[in-house]
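Number of protein chains: 8
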Amino acid sequence: MSDPNHERMEILEQFARLDIQRRDRTGIPEAIFAEGKTPEQVARMLDALAEKSGYALATRVSEVCAQYALDHLSSKVVVQHNRTGRTLHVRRHEYEPKSTGGKVAVLAAGTSDLPVAEEAKVTAEVMGCEVFAFYDVGVAGIHRLLGPVETIVQKEIAAVVVAAGMEGALPSVVRGLVPVPVIGVPTSIGYGYGGKGEAALMSMLQSCSPGLTVVNIDNGFGAGATAALIANYVAASKVK
Amino acid sequence: MSDPNHERMEILEQFARLDIQRRDRTGIPEAIFAEGKTPEQVARMLDALAEKSGYALATRVSEVCAQYALDHLSSKVVVQHNRTGRTLHVRRHEYEPKSTGGKVAVLAAGTSDLPVAEEAKVTAEVMGCEVFAFYDVGVAGIHRLLGPVETIVQKEIAAVVVAAGMEGALPSVVRGLVPVPVIGVPTSIGYGYGGKGEAALMSMLQSCSPGLTVVNIDNGFGAGATAALIANYVAASKVK
Amino acid sequence: MSDPNHERMEILEQFARLDIQRRDRTGIPEAIFAEGKTPEQVARMLDALAEKSGYALATRVSEVCAQYALDHLSSKVVVQHNRTGRTLHVRRHEYEPKSTGGKVAVLAAGTSDLPVAEEAKVTAEVMGCEVFAFYDVGVAGIHRLLGPVETIVQKEIAAVVVAAGMEGALPSVVRGLVPVPVIGVPTSIGYGYGGKGEAALMSMLQSCSPGLTVVNIDNGFGAGATAALIANYVAASKVK
Amino acid sequence: MSDPNHERMEILEQFARLDIQRRDRTGIPEAIFAEGKTPEQVARMLDALAEKSGYALATRVSEVCAQYALDHLSSKVVVQHNRTGRTLHVRRHEYEPKSTGGKVAVLAAGTSDLPVAEEAKVTAEVMGCEVFAFYDVGVAGIHRLLGPVETIVQKEIAAVVVAAGMEGALPSVVRGLVPVPVIGVPTSIGYGYGGKGEAALMSMLQSCSPGLTVVNIDNGFGAGATAALIANYVAASKVK
Amino acid sequence: MSDPNHERMEILEQFARLDIQRRDRTGIPEAIFAEGKTPEQVARMLDALAEKSGYALATRVSEVCAQYALDHLSSKVVVQHNRTGRTLHVRRHEYEPKSTGGKVAVLAAGTSDLPVAEEAKVTAEVMGCEVFAFYDVGVAGIHRLLGPVETIVQKEIAAVVVAAGMEGALPSVVRGLVPVPVIGVPTSIGYGYGGKGEAALMSMLQSCSPGLTVVNIDNGFGAGATAALIANYVAASKVK
Amino acid sequence: MSDPNHERMEILEQFARLDIQRRDRTGIPEAIFAEGKTPEQVARMLDALAEKSGYALATRVSEVCAQYALDHLSSKVVVQHNRTGRTLHVRRHEYEPKSTGGKVAVLAAGTSDLPVAEEAKVTAEVMGCEVFAFYDVGVAGIHRLLGPVETIVQKEIAAVVVAAGMEGALPSVVRGLVPVPVIGVPTSIGYGYGGKGEAALMSMLQSCSPGLTVVNIDNGFGAGATAALIANYVAASKVK
Amino acid sequence: MSDPNHERMEILEQFARLDIQRRDRTGIPEAIFAEGKTPEQVARMLDALAEKSGYALATRVSEVCAQYALDHLSSKVVVQHNRTGRTLHVRRHEYEPKSTGGKVAVLAAGTSDLPVAEEAKVTAEVMGCEVFAFYDVGVAGIHRLLGPVETIVQKEIAAVVVAAGMEGALPSVVRGLVPVPVIGVPTSIGYGYGGKGEAALMSMLQSCSPGLTVVNIDNGFGAGATAALIANYVAASKVK
Amino acid sequence: MSDPNHERMEILEQFARLDIQRRDRTGIPEAIFAEGKTPEQVARMLDALAEKSGYALATRVSEVCAQYALDHLSSKVVVQHNRTGRTLHVRRHEYEPKSTGGKVAVLAAGTSDLPVAEEAKVTAEVMGCEVFAFYDVGVAGIHRLLGPVETIVQKEIAAVVVAAGMEGALPSVVRGLVPVPVIGVPTSIGYGYGGKGEAALMSMLQSCSPGLTVVNIDNGFGAGATAALIANYVAASKVK
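Protein sequences, first through last, are from chains L, H, W, P, C, R, Z and X.
Residue 97 in my numbering sits at position 97 of the first sequence, and the numbers go up by one each step.
Residue 95 in my numbering sits at position 95 of the second sequence, and the numbers go up by one each step.
Residue 81 in my numbering sits at position 81 of the third sequence, and the numbers go up by one each step.
Residue 97 in my numbering sits at position 97 of the fourth sequence, and the numbers go up by one each step.
Residue 189 in my numbering sits at position 189 of the fifth sequence, and the numbers go up by one each step.
Residue 18 in my numbering sits at position 18 of the sixth sequence, and the numbers go up by one each step.
Residue 15 in my numbering sits at position 15 of the seventh sequence, and the numbers go up by one each step.
Residue 104 in my numbering sits at position 104 of the eighth sequence, and the numbers go up by one each step.
FYI, nobody ran anything at the bench for these hints, they're computed from the structure.
There is no bait here: all hints are sound.
When the alpha-carbon atoms are kept at most 27 angstroms apart in a straight line, the in silico DSS-like pairs for lysine-lysine are as follows:
hint, chain 1, residue 1, chain 2, residue 2
1, P, Lys238, C, Lys98
2, C, Lys238, P, Lys98
3, X, Lys196, R, Lys196
4, L, Lys196, X, Lys196
5, R, Lys196, C, Lys196
Which residues of chain Z face chain R? A few of them, derived with a C-beta cut under 7 angstroms, are:
hint, residue
6, Ile28
7, Gly211
8, Val234
9, Lys238
A quick note: this is a predicted structure, and the numbers were derived from the prediction, not measured.
Where is the CB? At the ideal position from N, CA and C, for every residue including glycine.
Start from the sequences, fold in the hints, and give me the full structure.
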């Protein structure tokens with residue numbers, strides 16, 4: 001006869017080995033969301049993660065938090081602080097970052113969208129991709145898309161991140177011009193009715209351009225990670 | 001000494017002559033919003049208005065209501081029923097419609113936006129304008145804008161109505177290509193998050209294109225009337 | 001000296017050749033969204049599109065509309081009607097559908113999510129993919145994920161669509177177990193606060209699992225098309 | 001003949017004795033919600049309540065408010081300040097807290113959910129329960145649920161509080177693994193669409209797991225009090 | 001060295017035995033949510049579930065669906081149809097329902113709240129509880145609470161379900177008068193601002209009465225199941 | 001020593017006499033909200049209430065429900081059916097309605113607001129007031145306010161109900177011209193953004209005119225009852 | 001023949017005498033909403049208004065603004081600063097405030113509702129009423145309503161203001177016990193779902209108690225002014 | 001045969017000449033939205049734009065940003081800082097601003113609406129219009145509209161901007177009195193339900209006055225630019 005208590009335990013024990021190699025299983029490494037954590041917590045988590053995996057990434061890092069980390073992180077690691085993107089990338093001296101051959105493009109509509117775009121860019125780079133960034137290419141000056149689209153096609157870039165606030169039309173336009181998936185990331189830019197990214201998110205979800213998928217407002221990390229995941233898979237397929 | 005009651009009456013008596021010549025005062029004639037009214041009410045109001053002004057317009061007219069009106073309206077009037085635009089235009093035989101020389105363009109993004117676009121078109125025509133209509137010119141096939149834009153500039157059209165649902169990007173795009181004001185009218189097309197015109201309205205209000213103003217969802221009458229108001233004013237200026 | 005009117009025309013003329021080969025340019029063929037169109041319109045558009053491209057797809061096809069199309073479509077085409085997915089797939093006799101080698105998985109949380117999942121499945125098949133469908137694998141019986149995950153990894157499936165309503169937790173869970181991108185499609189299932197897909201959409205956008213991107217509520221076509229786009233790109237890369 | 005005024009008075013006089021022993025009548029003692037009150041008000045109310053009942057609890061206590069209370073509370077009381085949970089627990093020296101034998105578990109999904117979880121924990125302890133706290137057991141690392149579930153079943157814990165922000169999936173998952181009621185408390189963690197706890201609240205209310213009930217966002221006190229109420233009732237039943 | 005694919009499989013295999021005895025593990029039996037399912041599907045699922053467990057419950061059963069089930073269910077089962085509560089309770093002849101000794105009260109504010117209250121009542125009865133129902137005891141006639149409260153205390157009822165729409169004040173009032181947990185279930189009664197249960201849900205979540213927890217609008221099944229879960233646990237504790 | 005159970009009972013027993021003379025205590029008689037009730041229920045409740053109080057009022061009465069009541073109500077009562085206002089007023093032959101001397105005005109902005117305005121009018125009449133109704137006096141033809149304002153001041157009307165949909169500006173305008181309180185009742189007229197009475201409710205609550213208070217959308221009964229309550233109090237004061 | 005321009009002018013000239021005696025016409029004096037104005041502006045407006053009318057009232061006055069006014073107001077006026085209610089009442093020495101004989105009650109549910117309640121109280125006093133204030137009489141301790149209700153009935157108070165946040169149930173309860181109109185004013189107290197007064201506003205609008213009308217969140221001035229308007233009218237009626 | 005890549009490039013190259021003369025093409029010059037940009041960025045962009053076009057406009061300029069610009073802008077330009085309107089207007093010494101002859105009116109309901117109104121006024125002036133500003137003409141003192149309306153008609157003003165917060169009724173009223181288009185700009189004034197401009201936006205969109213169009217909350221620049229666009233077109237028509 002079955003014993004529910006025993007059954008419950010058996011199931012859960014299986015989980016115990018589950019998260020050891022999160023990157024191998026899901027293709028995306030863990031990252032630290034610094035907002036709402038103390039500088040001490042962030043620094044300690046970065047050290048611990050780098051200890052375990054050789055490197056670590058923190059996002060939404062405030063100036064104060066970054067300064068604290070730069071002052072207190074273990075001497076065993078090299079630190080890269082991206083001020084615009086508010087990221088901290090930490091790598092142990094002995095860790096050799098590997099290039100995957102994956103290729104990703106990141107586009108930003110306006111100057112105000114840069115923090116989100118940079119977060120996406122750093123994330124994809126940490127995941128081993130080559131990233132082609134094109135900023136200030138909003139729909140108001142649509143001719144500026146010339147360079148990005150040419151590069152995306154010629155370089156055989158596998159996935160494109162497009163960050164845009166206000167009415168959020170850029171991802172739809174870009175998607176209509178390239179033969180690869182576009183990940184739209186609405187930014188919290190805009191005011192009044194539909195402000196704080198709401199109109200941008202809505203427009204992207206209502207878009208008539210299939211092949212465009214969306215992450216939450218300001219989620220540059222999620223957009224960059226998804227693009228890199230696709231690009232790395234494509235690159236791995238080519239190798240075979 | 002002042003007497004508030006007397007003062008109150010004096011003010012209001014002034015109002016009594018106010019609405020006699022609404023069209024002269026505001027430049028836009030009264031219209032009957034048929035939704036929520038019985039066919040009898042609509043028919044009676046059309047007759048009364050035509051009696052007074054020589055002509056009358058009803059919008060949001062259902063098939064049933066239109067049929068009733070066609071059957072029961074006074075024999076003194078000529079009736080035009082626009083099925084797509086759901087309008088009834090009634091004119092007494094002796095009434096001579098005058099062309100103002102005003103020129104208006106009406107664009108619709110998709111087939112589903114036609115009822116709203118036609119409502120705008122009929123309204124502007126009733127107000128004496130020449131109307132140039134361009135339908136199915138959504139952003140997905142942006143090359144189809146070639147004709148409309150050329151016409152708008154060459155014919156010196158004074159105001160443009162753009163009806164669009166879904167993500168509502170067309171008015172912003174059109175406004176970026178023409179030298180005259182664009183009135184965006186979101187249509188209740190779309191589903192899920194931002195559906196029923198909400199995303200379209202938001203996008204138009206968040207638009208980066210100055211010179212674009214907006215009316216409420218599905219308000220083709222308001223959009224057409226505003227465009228005609230501008231066009232008629234411009235035409236009158238030319239004459240002087 | 002520059003002439004704005006001339007400049008405007010030059011730009012737009014370029015667009016005129018733009019949409020001829022939409023599929024070549026964007027990797028996704030045009031489809032007909034049947035909701036809000038008359039059966040006649042849908043049938044005519046299917047015939048026209050099939051005439052031009054050899055095949056055509058319509059989504060959100062009602063029973064009435066499907067019956068009309070089956071009765072009236074040109075005898076030059078073969079028709080496949082997916083009742084659950086509410087799709088009509090039309091193919092001219094001489095048209096030879098090509099398999100791309102792309103592999104896609106489609107999962108549905110519950111029975112009520114089937115229409116959306118089937119729409120995604122048909123879309124990916126029309127785009128040449130092999131589709132592996134796993135239905136009724138909601139989080140309430142998480143052990144049922146065993147089969148799908150095993151297949152996804154062993155078959156080297158390149159992208160996964162997960163349709164879920166109510167609290168919409170399934171896409172996050174699936175994404176945590178597979179090494180490829182997951183496209184979450186919230187379904188309009190659920191009632192009360194957060195009903196009609198709102199909670200599902202919100203949960204997917206708030207998800208802690210990077211690598212999960214989202215399309216609008218009930219947008220099975222968009223989800224399936226994106227997954228096929230990725231899978232086809234991966235398959236093309238392998239061939240090289 | 002009936003006299004409405006007399007009747008009104010009679011009714012209300014009955015109420016006058018109503019609140020004397022709130023704890024006896026409802027099973028939950030009164031607590032002071034410190035937010036929006038001045039430190040002086042909070043300190044005075046704590047002294048008064050402790051005078052009357054032997055002890056008192058204040059929640060949502062800011063650092064400034066806590067410091068003021070520590071400096072100014074009557075010397076007749078012992079004070080416990082829980083910094084993370086933002087609570088002040090005050091007890092008169094002669095007051096002997098009684099253990100009820102009730103057993104409650106408190107789980108928190110992430111570090112950011114700790115303040116709410118601790119508020120629940122302190123509340124249940126003040127009500128005489130033994131509390132088993134398990135923090136950082138979010139769905140991302142589902143194997144970490146092993147310990148909590150084992151303890152809940154073996155220790156015969158009567159009710160479980162689960163605090164979670166973002167997509168708020170943890171309470172549903174926990175409820176599916178334990179044989180006792182789960183009280184979900186959404187926390188105001190999350191950003192963009194569905195942020196500030198909205199997605200978490202929605203997900204919990206849309207959850208497919210019956211046996212899960214919900215309190216308002218960040219209401220750790222309400223969750224802890226309900227769990228303790230259940231646990232104390234169960235404990236009292238065992239004694240009989 | 002670890003193999004992510006192997007690891008993945010191992011985990012999932014554990015799940016395969018998970019749902020066999022859902023009732024034993026979680027204390028609440030599976031139920032069929034009939035809304036959005038065809039009568040055939042509902043009838044087949046009831047037969048299958050009854051085959052496995054001896055009995056089965058379906059909720060949100062329409063008249064048509066109920067009639068179909070009554071006509072087509074296997075002759076091996078006895079069927080009880082609660083019209084007001086829209087439930088079908090099916091039991092195989094040889095199945096002997098067991099009383100748990102658990103005691104639950106169900107209160108409804110108004111006549112319109114009855115369907116939800118009855119759904120809760122039937123659910124708790126199916127789970128073996130004795131249910132005391134008190135209807136039409138809204139706050140407008142607060143004296144009518146006399147009977148219910150007296151019964152709840154004297155019968156040592158362990159949990160109370162309160163269904164209320166409009167402003168949803170009843171659960172707070174009841175909770176202030178009884179020493180046991182109250183589960184509030186907002187009903188979709190009300191119109192205008194805050195209609196369809198929104199105001200009721202909000203009020204219950206904002207309530208000042210700790211010990212009140214909430215389920216989603218119209219979720220009588222969830223409320224009844226939670227109350228029965230608590231009551232059965234208390235009853236089991238008494239036996240020991 | 002205090003006994004919580006005894007205390008609880010004592011309190012509630014007091015309530016038992018509470019609702020006997022609701023009208024005496026609160027100044028407003030009970031009414032039957034027919035929406036969501038069966039014709040049988042409504043008819044039976046009308047008979048019962050008329051039996052007790054001599055008369056009874058039902059609101060939101062559908063045509064079907066009204067016809068049923070007219071056919072089945074006891075022969076002891078006289079019935080008045082207001083079709084526009086959707087009310088049924090029932091009075092026993094021997095019951096002598098008393099005029100209170102209270103004076104109320106009811107204004108409606110447009111034809112579509114009539115059902116709500118009539119509901120308010122009938123309610124105030126049932127409460128013994130003389131009601132002065134002025135319809136179709138919307139802000140578009142502000143001169144039409146001349147009559148109503150003159151009457152309100154000269155007749156010393158004590159309270160004014162104003163029903164308006166769309167942008168809901170009329171109550172503010174009226175309040176600025178009369179020396180007595182105005183009760184604004186938004187009607188569910190309007191479409192698109194702010195439709196179904198939302199804009200009207202918002203405008204009335206944001207109004208700059210103090211002395212304007214508001215009831216929920218379409219709540220003509222509440223508005224009429226409040227106006228009559230004030231008017232009756234004023235009339236009673238005059239008598240003294 | 002009519003001249004629209006002439007007509008327009010004639011109408012507007014009538015308005016020119018309109019606002020001279022706002023208080024006489026509408027029964028409520030003008031007040032200064034200080035929020036968003038500079039201290040200088042507020043002080044100057046108070047002086048100007050007092051110069052004209054003998055007295056003046058400002059609401060939502062910050063500490064800084066109040067201090068500035070106290071320092072800079074003309075020496076011809078007496079100033080009363082209500083800190084809790086954030087009001088400044090200014091009166092010229094020679095101005096003799098008149099008591100109207102109107103009687104108003106103001107109730108507040110909790111300590112946090114005091115600012116709004118005091119704003120209402122000061123407003124009614126400035127309008128010449130005698131105000132009876134009862135604070136901390138929330139539904140949690142319903143026996144505390146004894147005093148207020150007794151006073152309201154015995155003193156023949158004509159209108160009652162009830163300020164409440166959170167679930168906002170107090171106005172409904174009070175309205176059920178008194179024979180005069182209740183004006184509910186929701187306060188911006190509460191957190192999470194329905195916080196900032198939204199739940200309170202919704203509950204009051206959904207209330208089952210006719211005779212309760214509502215003003216916007218935190219609008220103590222509007223509530224107090226309406227109550228005083230009613231009370232003054234009643235008092236004037238008695239005199240006649 | 002067509003080459004999608006080639007086709008793509010051809011299209012985009014056309015765009016490259018597109019934005020050179022934005023003002024000629026669209027009739028409205030580019031402006032700098034300073035909010036969210038650093039003072040350095042704003043100053044640099046102003047210098048660059050003035051270098052190119054002879055003049056430049058920045059909106060939403062904070063005090064700090066304005067001071068920085070005044071200190072650091074090139075000596076080749078003249079700077080005008082409008083403090084209330086938060087604008088910086090920069091003009092090179094050799095640039096000769098041209099008057100277009102266009103005439104625009106700007107009305108503001110209250111003192112709090114001035115920043116938005118001034119932004120509109122400065123924008124129209126920079127575009128060469130003569131602007132007639134009328135402030136503090138809210139509906140509460142409707143007689144104050146006398147001057148503005150008289151001027152609008154006699155001066156043949158071509159377009160009117162009306163800024164209003166709270167219930168936002170002014171634009172509808174003004175539109176009913178003038179024969180030219182009105183652009184309503186809701187301001188973020190107001191509190192509680194419908195606060196921050198939501199009620200104002202809604203009212204304007206629900207308005208019964210055709211000829212009124214709307215821009216987003218606080219978008220003074222968009223409103224002023226649209227009005228100037230119309231006025232300039234009219235003026236140009238007169239010249240011909």
